[in-house]
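The hints should help you fit chains B and C onto chain A, whose structure is shown.
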Amino acid sequence: MATTLKPVDVVLVGFGWTASIIAQELTEEGLQVLALERGVDRATVPDFATTHIQDELKYAVRNGLFQAPVRETLSFRNTRSQTALPMRQLGSFRPGAGVGGAGVHWNGQTWRFLPDDFVLRSHTEQRYGADFIPEDLTIQDWGITYDDLEPCYDRFEYLCGVSGAAANVAGERRKHGNPFEGDRSRDYPLPPLDRSAGSLMFDKAARELGYHPFAAPAANTSRPYRNPLGVQMGQCTYCGFCEWFGCGNNSKASPQSTILPVLLKKDNFSYRTGCDVTRVLLDNTGNKAKGVMYRDLEGREFEQPSELVILCAFAHHNVHLLLLSGIGRPYDPVTGTGVTGRNYAYQITSSVEVFVDELMNPYMGAGALGQAIDDFNTDNFDHGPEGFIGGGYIALWTTGGRPILQHHLPKEAPKWGEGWKKSMAENYLKSASISTHGSVASHREAYLDLDPTYKDIYGNPMLRLTFDFHENDYKMSDFLTGKAESIGKAMKPRAMNVKKRKPPYSIVPYQTTHNTGGAVMGDDPRTSVVNRYLQTWDVPNVFVVGACNFPQNAGYNPTGTVGALAFWAADAIRKMYLKNPGPLVRI
Amino acid sequence: METIRHRPHPSDSCWDADTNMPSQEQACFAEHLCGMSRRRFVQAALSLPVLMALPACGSDKPGPAKVARTFFSSAEQRFIEAAVARLIPGDRDSPGAIEANVPFFIDLQLAGPYGRADRRYMEGPWASGTEQQGYQLKETPAQLYRKAIADIDDYCRKQFDGKVYAALTQEQQDRLLHDMDDNKIELRDFPAQAFFEVLWQNTQEGFLSDPMYGGNRNFAGWKLIGFPGPRYNYVAEITQYGKPYPLPPVGIMGRDGTRMRVEV
Amino acid sequence: MHTLKFLWIPMASALAFLGCGIAHSQGNDFNNIQRGRYLAQAGDCISCHTVKGGKPFAGGYPVETPFGTIYSSNITPDVVTGIGNWTGDDFYRSMHSGRRKDGQYLYPACPYPWFTKMTREDINDLKAYLDTLEPVRAIPPENDLIWPLGWRQFMAGWNLLFFDEGEYTPRQDESMTWNRGAYLVNGVGHCAACHTPKNVLGASDKDKALQGGDAGEGWFAPSLTGHERDGLGSWTIKDIAQYLKTGANKDTASTGPMTEVVMNSTQHLSDADLAAVATYLKSIPAHQAPTTAPEDIDDQAMARGKGLYVDQCIGCHMADGKGQDEAFPPLAGSPPIQAENAQTLIQVVLAGDHMADPPSLPTGLAMPAFDWKLNDQQVADVLTYVRNSWGNRAPPVSANDVAEVRKDVHKYGPRFKRMITHALP
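Residue numbers (this note's numbering), protein chains in the order written: chain A, 1 to 587; chain B, 1 to 264; chain C, 1 to 425.
Okay, chain A solo, but in the shape it has when bound (with noise of 0.2 Å):
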C-alpha cells in the first residue's frame, strides 16, 4: 500500500541537466519544487576528488559512475524479425547514475545545432526535393526553429563556462571558429582551451585540403571562472581523464560544479536519492497528472503529489516512464502510428587511427580538447551528387590516453604476446585517431516500446530497443570516413587503421552515450509526443526534458542542445503556464 506524501508544486524525475537547470528556473517564482533521483547523492569532494579519480579501471573500465543493468537496462534487436534480448553488461552507451546524471561523467563536447537542423524535413525538400529523402525516413521538423533557441544556447554556454571562440557574433564574422555555426549573441565565455600536439597536426591536414578546422567549443574551463549564478569553477588542467569521470577541480561542467552550491541552498528546493520513479499518476480523465509513485531502495512505495510533473531523466527512460504510465499514444511501427516511443535515433561514429614519429603525449588532454572542421556537417555541402541527407563533424580529440581503452595499435599488429608488447611500445606516444561523429536519421523501424518478455526489477516491462542505422546513414557515415582519411594521409602518418562503420548496430562496442528520440516534439500530435514547449499534448501539467525530444540526432553531440532545451522548457513553464494553466499550444 503505499504511503501519500505532502504534496509539492513541482516534481522532477530525475536529478541531472535538465531537472538541475530545470529546478534552478522555477525555485526563482517561488515554488516548492521536488527531485527524485533514483541513483545516489554524489558530490565533487569525496566522490570526484583528485585524490581517487584518475582509476580507469573502476570508472572506465567496471563502470564505478553509471548506472548498473543489474538495476535498470533494457532489451535491444536491430529488426522486428529478432526477439529483442536484455542488454546485460553496458556497451554501446553508458547512462548516467546518481545526482549529476550523465552530467557528471560527460567528456564537455558541447555543441549548438545549425539552424537547419531545426527543420531539417523543410529544408531538404526545399533544396534537394521531397522524393531525395528515402520513403521510411520519419524525419521531421522540429517546430521550434535555432533563433528560438538562441537565447537558450547562450545562458547554457555561459552556466557552464564554455571555452572557444565562435566565428558567427551578432552578425559580425570573425576569422576564428567554426564558420559555419549559426549566427550568436556573443561570444563564449571562455577563450578556446590550449592545443594539444594532435590538434595542431589536424589543424595543419585539414587546412591543407581546404577545410575550416577550429578549436571545438568545450565545456572545460580554460580559465577559473565565475558562472552567472556566482558558482566558482577551476581551470581545466589537462588531467586526461574526463569521460567517465567525475572532475576534481571544478573545472568540467556538470550540476554539481555550475548550479548545485546554489539551488542546495533554497529553502523551496530538496531531493531524494534512492527514489525510483515507476509512473506518472493520472486522475480518471487521463488528461491530468496527480503526481508520481515511486520506490525506495527497499522498495516500499509512495505517491508524490504534486501540480507539475517535469520527466528529466536520461532520455529513453523518459520514454520508458511515458509508455508505463501510458501517456501519448504508443508507436506502433507496422501501422506507423502512435507516438511515444517513435523516431528514436543515435549517433553514427567512425574513427580514422593515424600513427606517427611525433611524440603525441596522447594522456595530456581534456574531454573537449579538440580541432574540428564542420564542412560534411548537416547540410553545409552539396548532397545533391552524394544521394544521402546528414552529416557530421570530424575532429581530432585529444581527451586522454588512459592506457586500457586508448591505445590505437595499428591493424597489423598481433592482438597479444611479444608482437602486441612490442607494437604497444612503439605506438602509445606517437598514436592520435580521428573520429567523425554524423548524424542519424529516425525512421519507421528505429523505436521504442515495451518488451513483452523482460521485466525491470520491479516487475514491470522493460523497454525495449529496436534499432539499426539506416542505410542512408552508412552512406554518410563512409563518407565522412572517406573525408576523415584524406585528413590522415594528408599528416603522412606511418601507419593508419581505416573503420568505418560497418552494419548491422551492435550493442556491445562503446560509441556514444547519445539516445535520441521516442518523446518527439513538434507541431504536429500525430507525430510529436510533446509541443514546442515541451509540454505533453496529452497531460498539460507533463513536461517532458531531454534529448529524448530531438526528432532526430544531428550531427554533434546532444548536450548543449539538452541544455538549451531545458532553459527553453523552463521559460515558457515561468512566462505562460504558471500564469495560465493549461495545453501551451491549441490546434
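Keep in mind that a hint or two might mislead.
Cβ pair distances, simulated, as ranges [as the list claims (entries may be wrong)]:
{"id": "1", "chain 1": "B", "residue 1": "172", "chain 2": "A", "residue 2": "207", "range": "50 to 56 Å"}
{"id": "2", "chain 1": "A", "residue 1": "229", "chain 2": "C", "residue 2": "270", "range": "24 to 30 Å"}
{"id": "3", "chain 1": "C", "residue 1": "270", "chain 2": "A", "residue 2": "230", "range": "16 to 22 Å"}
{"id": "4", "chain 1": "B", "residue 1": "197", "chain 2": "C", "residue 2": "299", "range": "39 to 45 Å"}
{"id": "5", "chain 1": "B", "residue 1": "193", "chain 2": "A", "residue 2": "384", "range": "43 to 49 Å"}
{"id": "6", "chain 1": "C", "residue 1": "228", "chain 2": "A", "residue 2": "297", "range": "40 to 46 Å"}
{"id": "7", "chain 1": "C", "residue 1": "404", "chain 2": "A", "residue 2": "357", "range": "36 to 42 Å"}
{"id": "8", "chain 1": "B", "residue 1": "179", "chain 2": "A", "residue 2": "509", "range": "20 to 26 Å"}
{"id": "9", "chain 1": "B", "residue 1": "197", "chain 2": "A", "residue 2": "426", "range": "48 to 54 Å"}
Under the rule of at most 16 Å between Cα atoms (straight-line distance), these lysine to aspartate or glutamate pairs were calculated in the EDC-like manner [what the hints assert, rightly or not]:
{"id": "10", "chain 1": "B", "residue 1": "243", "chain 2": "A", "residue 2": "358"}
{"id": "11", "chain 1": "A", "residue 1": "422", "chain 2": "B", "residue 2": "93"}
{"id": "12", "chain 1": "A", "residue 1": "175", "chain 2": "A", "residue 2": "203"}
{"id": "13", "chain 1": "A", "residue 1": "415", "chain 2": "B", "residue 2": "174"}
{"id": "14", "chain 1": "A", "residue 1": "455", "chain 2": "B", "residue 2": "189"}
{"id": "15", "chain 1": "B", "residue 1": "184", "chain 2": "B", "residue 2": "151"}
{"id": "16", "chain 1": "C", "residue 1": "101", "chain 2": "C", "residue 2": "90"}
{"id": "17", "chain 1": "A", "residue 1": "415", "chain 2": "B", "residue 2": "93"}
{"id": "18", "chain 1": "B", "residue 1": "147", "chain 2": "B", "residue 2": "93"}
{"id": "19", "chain 1": "C", "residue 1": "407", "chain 2": "C", "residue 2": "205"}
{"id": "20", "chain 1": "B", "residue 1": "243", "chain 2": "A", "residue 2": "357"}
Output of the computed footprint for chain A on chain C, the stretches with three or more beta carbons under 8 Å from beta carbons of chain A [as the list claims (entries may be wrong)]:
{"id": "21", "region": "326-338"}
{"id": "22", "region": "376-382"}
Hints were generated in silico from the structure; no laboratory data involved.
Note that the Cβ used here is the ideal one computed from N, Cα and C, for glycine as well.
Only chains B and C this time, still in chain A's reference frame:
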C-alpha cells in the same frame, strides 16, 4: 602500518599444492605483507567488501612476487600463470604479465564484485541471440574462468598425453591460445572465444591498471608504453610539443609501484 | 563648563561608535531585538550554544579544554532549564562578571573575560534577542572536568589572577573606526579566545595578544599581528574584510573552526564593522616570531616534499603554488601556510576541508582528505616543502607533528562535518 619494512618472499613451503587451505594461505600472505597483522588481512579477505590499504613492501626488484590466492585453486593458478605469460611475455629486463603480477590481479578481481558480475543483469529467460546483442551467457566471470580452465586442462590432458596446459611447451601454449580465440576448442557450456576475450581483456587490465589493484607491479605496463600515471596537471607540458615528460610514473597510492588498495 | 565638555566628547564618541549606522532608540523593542540579533551573530553565540542537529541555543555543545570537557548551557528563554527567568541584571552579571544567576562562577569556556568589555546597552539588547527564541527544555550533560576543577569556587582564584573585569574604554588617540574595531575584536567578537595563546592555567597570555593560539580539537588559530609572513602584515584592510565576509581572499580560504565563524558570525557583520575590525587588527604591531634559517630545512625532506607536491597537489594548487584565481587558494606567499604552528595545515591535509559558502561566495569548494594516501612522514614532507618554497619560509613539519594531529582527526572526525550550520532564528 606506517613502517615500510622489506620482508623476504615466502618459501615454497607456504604453497600447499593440493589442499588449498585458505587460512594457511592467508597467513602466508600476511607474512609477506610488511607490518600487517594476520588477522586484519583475513578479516578483510573473508568479510564483505572492505577497502583496505596494504602498505608497500619497499621492494624495487622487478621479480614476480609470490602471493597467495583468494580465488584460484593451485591448478587454476598454474594455468593462469602459464597463459598470461604467453599473452604478455616478459623477463627481468622487459617485464611481462608475470613480472607485473597479473595473475594476482586477476585472482583478486574474480574474488570481488567483478568476478561475481554484481552489476550485470542476470534474469532470464536466457537465449544466445545475435553477436550484436552482446553477452548472454549465464556465467559470471568467476564461473567462466572456473569452467573454462577445467575444460581446457581436460582437453590438454586428452591431446597431450595427460599434460595440463601449464605443462606444455610455449609453442603448444601459444597454439592453444589461438585455438581458443578461433573457437577451435570445444568447451562444454560456452564458446572458447568468449573465455579468451575475457582472459585477454583481464590480462591487459592487470598489466595496465593502477598498481593499487595488484597488477602493473612497479609500473611495468606503464613504463613499457610511457604513461606517467595519474597526475592532475599538464598545463605547462601540453604545449611543449614533442618534449618527453620528465617525471617518473606515479599511481594513486604514490610512486611505490607495489602499494595496493584493494576491495575484496 | 569645560569639565562637562571634556566628558561629553568621550561619551559622544562612545555612543557614536556603538551606534555606527544601526538605529538606536532607547526602549524601541524591535530595534533592540534586531541589534541584539546582530550582536548574537557578532559573538557567534550559536556555534557554542548549539549541538549539531539540536535546537538553537539549547546548549550541550562540548567545549574541549585541557582540563576536561565543559558543556555549554541552555540560553533559550526556558524558565526551568534556560535563562527564561533571568533579569537584565542577571544576564549582565554573567556576561560582565562571569557569575551565574545562582551566584556560581562560570568557567571561561564561555569567554566572559572578553564579554566583560561589552556595554550594558549591548548586553541588554542581546538579552532582548535571546528572549525571543523558542524556549527549549534541555539540560546539558554534566561537565567532565579533571578533579577537583569541577568545584566552581576555584574560579574565584582564577578570576583574581587573570580576569580584568570592566567595560571597554575607548582610546582618545584613536579613530572611531579603530575603537569600534577594538570593541568588536576584544569584546563580543572574543577573537583572542582562540587567537591568543593561553598559559598553563588556561588564561590568555595578555603579553602575547593575538599572536596565535589553540582553537581546540587539534586546530591552531594563527597570529593576527602585523607580521609579514605569520600574520596580517601583507594584507590590506580590504583583504581582511573580504576574508571575514566571504571566507576567502587572494591569499587563502578559511579552514575548520574559522569557517564556522565566518558562516555563523563574520559574514553577517556590516561593511562598516568589517572595516573597523580590519582597521584595528592592522594596527597590531608584528610579534617576534622565530625565523627559520635555510639550514633548518632538510634537503631530503624538501626533495621528497617536492615530489609529493607534484604528484598530489598541482591539480588545484598548480605547479607554481599560486592556486587558481578566485577558486583554489594559493600556497605561495600565503600567511596561514607560514603559521609558526602547522597544526591547521596538517588537519586540512589529513581530513580535507570545505570552504565557507556564504551567499556572496556560494560554491563551497572543497579539498579532499589525504589521510588514507599519505603517511605521517609524507604529510610532514609535503608541508615542509610548501612552507619553504616560492619565497615562503616557516618551521619544518615532523612526522611526529602529523601523528599527533592524526590522533585528533581519528578522535573527532573531520571538522567540517561537525560544523553547526543553523541559520540564526
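Outcome of the hint check:
no. : hint                        : verdict
1   : B/172 <-> A/207: 50 to 56 Å : holds (54 Å)
2   : A/229 <-> C/270: 24 to 30 Å : holds (25 Å)
3   : C/270 <-> A/230: 16 to 22 Å : holds (21 Å)
4   : B/197 <-> C/299: 39 to 45 Å : violated (52 Å)
5   : B/193 <-> A/384: 43 to 49 Å : holds (45 Å)
6   : C/228 <-> A/297: 40 to 46 Å : violated (55 Å)
7   : C/404 <-> A/357: 36 to 42 Å : violated (55 Å)
8   : B/179 <-> A/509: 20 to 26 Å : holds (24 Å)
9   : B/197 <-> A/426: 48 to 54 Å : violated (24 Å)
10  : B/243 <-> A/358             : holds (10 Å)
11  : A/422 <-> B/93              : holds (14 Å)
12  : A/175 <-> A/203             : holds (14 Å)
13  : A/415 <-> B/174             : holds (12 Å)
14  : A/455 <-> B/189             : violated (26 Å)
15  : B/184 <-> B/151             : holds (13 Å)
16  : C/101 <-> C/90              : holds (5 Å)
17  : A/415 <-> B/93              : violated (22 Å)
18  : B/147 <-> B/93              : violated (35 Å)
19  : C/407 <-> C/205             : violated (27 Å)
20  : B/243 <-> A/357             : holds (13 Å)
21  : 326-338                     : holds (count 3)
22  : 376-382                     : violated (count 0)
When each numbered hint is compared with the structure, violations occur for hints 4, 6, 7, 9, 14, 17, 18, 19, 22.
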